[in-house]
Every structure is written in structure tokens, then in C-alpha cells.
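Q: Protein chains in written order, with our numbering: chain A, 168 to 511; chain B, 7 to 388.
Derived from the structure by calculation, the hints contain no laboratory data.
On a predicted model such as this, the values are computed, not experimentally measured, just so you know.
Hints may be right or wrong, so weigh each one.
No more than 25 Å apart at the CA atoms, straight line, and that leaves these computed lysine-lysine pairs for DSS-like [said to hold, decoys possible]: (1) A:Lys384 with A:Lys492; (2) A:Lys431 with A:Lys462; (3) B:Lys324 with A:Lys350; (4) A:Lys379 with A:Lys462; (5) A:Lys431 with A:Lys350; (6) B:Lys240 with A:Lys310.
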Amino acid sequence: MQMFRQIFLCFGLLVMATLTVSSTAHATGQTLELVQKRGHLKCGVSQGLPGFSTPDDRGSWTGIDVDFCKAMAAAIFNDASKVKFTPLSAKERFTAIQSGEVDIIARNTTWSMHRDTALGVDFPVINYYDGQGFMVRRDLGIKSALELDGATLCTNQGTTTELNAADYFRSNAMQYEIVAFEKADESVAAYNSGRCDAYTTDHSALYAQKLKLTDPKAHIVLPEVISKEPLGPLVRQGDSAWNDLVRWTHYASLTAEELGVTSKNLKKMSRSSNPAIRRLFGLDGSFGANLGLSKQWAVQIIGSVGNYGEIFERNLGVKTPLGIKRGANALWTQGGLQYAPPIR
Amino acid sequence: MRSWLNRDALLQAIVLLAVVAGMVWLVGNVQSNLERQNINSGFGFLSERAGFGINQTLIDYTEDDSFGRVVVVGLLNTLLVSVLGIFFATLLGFSLGVARLSRNWLISKIAMVYIEIFRNVPLLLQIMFWYFGVLRNLPSPRQALSIGEAMFVSNRGVVVPWLEAGAGAVWYGVAFAGVLAGGFWLRRRALKMKLNTGQASRVWRPLALLTLALFAVAALLAGVPFTLDVPYLKGFNFRGGLTVIPEFVALLLALSLYTAAFIAEIVRAGINAVDKGQREASAALGLPESLALRLVVIPQALRVIIPPLTSQYLNLTKNSSLAVAIAYPDIVSVLAGTTLSQVGQAVEIIFVTMMIYLSLSLLTSWAMNRYNQRMALVGNAS
Ligand SMILES: N[C@@H](CCC(=O)N[C@@H](CS)C(=O)NCC(=O)O)C(=O)O
Numbered sequence: 168m169q170m171f172r173q174i175f176l177c178f179g180l181l182v183m184a185t186l187t188v189s190s191t192a193h194a195t196g197q198t199l200e201l202v203q204k205r206g207h208l209k210c211g212v213s214q215g216l217p218g219f220s221t222p223d224d225r226g227s228w229t230g231i232d233v234d235f236c237k238a239m240a241a242a243i244f245n246d247a248s249k250v251k252f253t254p255l256s257a258k259e260r261f262t263a264i265q266s267g268e269v270d271i272i273a274r275n276t277t278w279s280m281h282r283d284t285a286l287g288v289d290f291p292v293i294n295y296y297d298g299q300g301f302m303v304r305r306d307l308g309i310k311s312a313l314e315l316d317g318a319t320l321c322t323n324q325g326t327t328t329e330l331n332a333a334d335y336f337r338s339n340a341m342q343y344e345i346v347a348f349e350k351a352d353e354s355v356a357a358y359n360s361g362r363c364d365a366y367t368t369d370h371s372a373l374y375a376q377k378l379k380l381t382d383p384k385a386h387i388v389l390p391e392v393i394s395k396e397p398l399g400p401l402v403r404q405g406d407s408a409w410n411d412l413v414r415w416t417h418y419a420s421l422t423a424e425e426l427g428v429t430s431k432n433l434k435k436m437s438r439s440s441n442p443a444i445r446r447l448f449g450l451d452g453s454f455g456a457n458l459g460l461s462k463q464w465a466v467q468i469i470g471s472v473g474n475y476g477e478i479f480e481r482n483l484g485v486k487t488p489l490g491i492k493r494g495a496n497a498l499w500t501q502g503g504l505q506y507a508p509p510i511r
Numbered sequence: 007m008r009s010w011l012n013r014d015a016l017l018q019a020i021v022l023l024a025v026v027a028g029m030v031w032l033v034g035n036v037q038s039n040l041e042r043q044n045i046n047s048g049f050g051f052l053s054e055r056a057g058f059g060i061n062q063t064l065i066d067y068t069e070d071d072s073f074g075r076v077v078v079v080g081l082l083n084t085l086l087v088s089v090l091g092i093f094f095a096t097l098l099g100f101s102l103g104v105a106r107l108s109r110n111w112l113i114s115k116i117a118m119v120y121i122e123i124f125r126n127v128p129l130l131l132q133i134m135f136w137y138f139g140v141l142r143n144l145p146s147p148r149q150a151l152s153i154g155e156a157m158f159v160s161n162r163g164v165v166v167p168w169l170e171a172g173a174g175a176v177w178y179g180v181a182f183a184g185v186l187a188g189g190f191w192l193r194r195r196a197l198k199m200k201l202n203t204g205q206a207s208r209v210w211r212p213l214a215l216l217t218l219a220l221f222a223v224a225a226l227l228a229g230v231p232f233t234l235d236v237p238y239l240k241g242f243n244f245r246g247g248l249t250v251i252p253e254f255v256a257l258l259l260a261l262s263l264y265t266a267a268f269i270a271e272i273v274r275a276g277i278n279a280v281d282k283g284q285r286e287a288s289a290a291l292g293l294p295e296s297l298a299l300r301l302v303v304i305p306q307a308l309r310v311i312i313p314p315l316t317s318q319y320l321n322l323t324k325n326s327s328l329a330v331a332i333a334y335p336d337i338v339s340v341l342a343g344t345t346l347s348q349v350g351q352a353v354e355i356i357f358v359t360m361m362i363y364l365s366l367s368l369l370t371s372w373a374m375n376r377y378n379q380r381m382a383l384v385g386n387a388s
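Bound conformation, chain A alone (with noise of 0.2 Å):
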């Protein structure tokens, strides 16, 4: 069935590559006019990984990575509805992004050199730093990654984490099977039924598939980082103000943790005489018409999902199961590592 969508997908691809003739379809700037005519924006999810994107029982979807198209859908339209999701696997997005069944793809994708420059899309943003790590049955009594030597890890297929477990395992001279799977539920039901001793992807990830385990205490995550997994959106190369689009997004929700804006005080704080924030608000300044929207787009981005700090502490915070700390995504100013560049 699988095999029928990617073979779908990729004749999507096809279609598109056989029948565009003319050189200039899809070198500039049309997305945002495309969606606005369109009405909604098609963005490309996960198939259910919690806090990033998952569907819950009513079928709605909620997590850090569906918040950033929300955020996307709220600038374009102040309507922070207007987006259709649509579950991806690992090996299936970049051929959904490419064939132009979705406008962006926010599905926890870490920014590589070759998916940058060879695959045809771009990475405008990270919005999660991240790293590989390994989880572990408890009763194994193991402390560290480097005590896996013969160990079976069952993961994802067609994901970075496939290639640094191959990396780390060889260039510390340890031995290694690997079970792939196409979808997360499977790796994870097998690692569950013992087929692996340890379930390897991105950290954050990592306590996201622990909550789906039989008994998530039973098992502990191992402090080692093997990689770096910086996460972000990421929408066909060539299109310069749809970057744009999407790191100011982002940058806008960074920009108002950093001043203090929330969703909850966005009245107060529109009566602020600071600068920055006249300039956040659309008080001064044309920075919405720029970027092809209305005064306003910062604020409708606000007021629909909140500040970074908001989105993260929501969905991945310490009040959640997840239970992940800022860490390097804190602001720089807290010692973390996003860092918005000025809005002026």
C-alpha cells in the first residue's frame, strides 16, 4: 500500500517534471499567491509523534511543528484553521514537497547538507535543536551508549538517525544490527516487544515514543548525543519570499518571548511605546506588506498560538508528559541557541 502512495508521489513528480515547459513556472515567487487563492495551506506532518505533530481522538492535530503552520495560516489569513495537514513518513516527505502536494513540510526534519542542496528544497529556519540518542530497557543496568557493542536498534527508515547509528556504532569499533521500519508506530510496537535493546532517533523524540510504551518507567534514555539534528521547516528551493515567509514566522514568535509579549497580554502590550514592539505590532514600519501581509501578521501569529516560549512549554514543556527543558532551545539570552535577528 506504501509502495502505492510513493509510487503516487513520485509520479506526482513526474507529471510536474514531463509537462512544465516553460522555465519560469516554478522559479519565482508564486507560493503565497497560490495559497492565498487556494484558501488554506497544505502542510506536511509527522504520522504521530507527540509534542511535534500528532492527531488526537477528535482528529485535530496539535504539537510544536503543527503550531508552526498554524502560526503560517494565522499570518496569511488570521485564521489559524485555514491549514490542511497531511501525515508524512520519513521516506515519503521529500517527495511530497517536491511533486507540490504540500506548500511546507514541518515535520521534525533535521537540516542536512545534502537534503539543502541536492533534493530541491530549502531549510529556511530551525525551529527544535535536537540530537540522537539512544533509549534503553532499564534492567539492561546500562549507563552509556558506548556499552551497546552487539546491541540490536531498532529505528526509523530513511532518517538521519539510520545513518549516524551506522557512523558511531563503526567509528567506535562496536558491533550493530539494525531493524528499519517504514512507519515510528512499528519500531516502536517492535522495540516494545523486546525484537530490539534499544530504540534509537532524535532525544526529543526519544521521550515522545516513551510515552507509548507498555511502561515508560521501565526504561531510561542514555545520556550520550551522537549527533546534531537541527529541526526545521523546509519548502522547494527557489522560492525567496516563501523563505522569507517562513523564518520570519518563526523569528516573530522568537522576538516576542524576547519582549515579553505573550498571547495573554497582547492588548497591554500593544499600547507599549518600546520600539521594538511598536515595529512587532505593525505600528511602525511596513514590515507585514513586505512579506505580502497585512500590518498586523505578528500579532495574528501571537494571538493564535503565542511565543516560542508558549508553543514550546505547551507541547514539550515540564508540564507535559514529554517533560523536555529548554536546554539549547532556551533563548540566547538564557544561554540557549535561537536567536532572532532584528525586527527593523
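Dock chain B with the ligand against the given chain A, drawing on the hints supplied.
A: Below, chain B with the ligand alone, put in the same frame as chain A:
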């Protein structure tokens, strides 16, 4: 008449030319469009380093090997599960088909229940069932069920002792091939002799002698280049021996059991298509029922059975691509799965994958058609 023929040929040539020109234009267009979108194109990736591990490889493979080798590894895995699947499905399917027609009420009903269940539950579900159902109930390697401390069953699969072949092992291969060839020759000679003179000739004694002689020569040339590799538990898992991974077992089981149900129905229909008089005549000649079935009914039924049986074989091969759901590294999983997403060239990779399935299908059809022709000829001669 003649001028018509020429016009036909001309017309066909024009159409062919148009098709070829169209293809060339399409390919060129695809390439330039992919290029404009900054998507890599071409088949250069096949010689690049793959960089990922595969947990079942019938030939030597490491992360340092190329994507091209990944294709071969995946193809062999597909062939392994398909060929064995076809073998078991045929065996079980024929037995079930015959059982379905049995005069014994219980046997016939059991066969019917089997057929109805396995035919009507979606295959993907059956694969998941065997995989997770069986996996969940197996112990970890440290608690593995052991058979004589040499064979172990755990949730990592079945580990069995294995003969590790050294450098001189080829000579044994040559000896084995010699025995096979000798066997065929002896059988042919015996048949000929029986037809010509009605006399039986010896087959087994010379064959045994030949076997002994050839292997003795191999041993003289190469010594004993085999070492027995017995698995042992070390750390997390077993080392040494041969591991049959659970993904393979589940997929093979599901494919065989599912396809057997369809084959059973085909066999039943085939047997029913043979004139009742044939059975009655065999009975009148005093042939016991089982012999009548084997010598009279089934050979005639085969002519009806083979064409639909062929399409079941093709189905099984194509269905083996569901492997990807349970992480069995077949061609779809390693090529259209991992390789595609690591390389990103969907058009080329899906094309290669489709060509591989097409070739497998054509090959199977061709072989089965040949077999069918042979069966038909035998029928006419009798
Ligand atoms: N960040 C890595 C891994 C991303 C990934 O796909 N991880 C899996 C394992 S947690 C996943 O998100 N699965 C969820 C799904 O398939 O929907 C990458 O970009 O390759």
C-alpha cells in the same frame, strides 16, 4: 497485396519513430526540469557509498559498499522470500485443494475453513499478526529456548550452527555440480534404455560411486575447508552461526499461508474440470484413488491450473513488497525506502524498482509458460 504490406510496415515505422521521439523528449524534459528545481538526477548515485546497515544480506555487505550493491542485496532478499514462498504455498495449496475435494467430511471442511479465513483477511494484517503475535511471545536472547545448546530460538530470531566455507570450498561446489550432472545423465540413459530395450539399467549404484569419487577428489585437492560455526551468547545477542531473522519468518509464513488458500481454490477448480469419466476409468482399471489422482487426474488438471497458478506466483512476488511494514530488507524496503530517502531521486529509483519487478514477473511468466507447453504436449501424446 504486396503494396499493402509495405504501407503497413511504413506506418508502423512512423509510429515507432514517433514513440521513440516522444520518449526522448520526455526524458530530456524531465531531466532539465529536475535540474531547474535543483533536484539531482541521473544514476551516478549507484556508485556512491551507501552508509547504512542492512540486517539480512545474502552476499557480503557493509556500510562502505555502494547503493548499487544495496540493489543486489535487496533483490536477493526479495528472491529468497519469493522463491521459498512459492515453494511452500504450492505444497500447501495442492494439499489443501485435494483435501477440499476429499470424501472425508471433516478433512474437506477443515480445508474449507482454512481457505475462507486466509483468503479473506487482508495480507498486511496477516503479516503484522505473525510478526508481532509471534515476536511478543518469544523470550529474550538471555532466556532463549535452546535445542541441544546449538540452536536457539529467541525474539532475535532462530540461530543455527553453520558451516563456514574456506577458500577450497569451490572444489566441493564443483563436485556437487558433477554429481547433479551425472545423475541427470544416468536417468536419461536409463529411460532411453527402457524405451528401446525394455530393460532396466542401474542408476543408484553408479551414482553413489560417482559421488564418492568426486568428493574424494575434492577432498584431495582442498582438504576439509569447512569449519562448524556454533552460535554462542555474548553480551546482548548470539554471535556466530546463522541467524534467521523474525521479519523473514513472519513474511514467509504470511505469504505462504495466504497464497496457499488461493492456490487451493485453483487446484480444486482444476481437478473438477477433469472429466469424471477419467476417474471412473482409472477405478475400473483397479488404480487406487491416490494413484489415480496422481497419475491420471492431476496431470490433466495441470493444464487448467497452470495459467492462474502463474498469476498467483506473480502476486506472491509482488506482495512480498509488504515486507517494508515489518522491516524485512527486501528490494522495496532498501531501494524505494532507505535509498530513496537518503538519495532523494524518486523518479530514477522508482523506475529501477518497477523495472526489477517487471523483469521478475516476465521471467516467472516465461518459465511457467514453458512448463505449461510441456504439460500440454505430454497430454496430446498420450
Ligand atoms: N530528524 C530525523 C528523524 C526524523 C524522523 O522521521 N523520526 C521518526 C522517528 S521518531 C519519526 O518522526 N516518526 C514519526 C512518523 O513516522 O510519523 C530526520 O530528519 O531524518
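Q: Would you mind marking each hint as holding or not holding in the structure?
A: Status of the hints after comparison with the structure:
A distance of roughly 19 Å separates the Cα atoms of Lys384 of chain A and Lys492 of chain A; the hinted pair therefore holds under the 25 Å criterion. Among the hinted pairs, Lys431 of chain A with Lys462 of chain A is consistent with the structure: their alpha-carbon atoms are about 20 Å apart, no more than 25 Å. About 20 Å separates the Cα atoms of Lys324 of chain B and Lys350 of chain A, which keeps this hinted pair within 25 Å; it holds. For the proposed pair Lys379 of chain A and Lys462 of chain A, the alpha carbon gap of about 43 Å is over 25 Å, so the pair is violated.
For the hint pairing Lys431 of chain A with Lys350 of chain A, the CA-to-CA distance comes to about 38 Å; that exceeds 25 Å, so the pair is violated. Between Lys240 of chain B and Lys310 of chain A the CA atoms are separated by roughly 18 Å; this keeps the pair inside 25 Å, and the hint holds.
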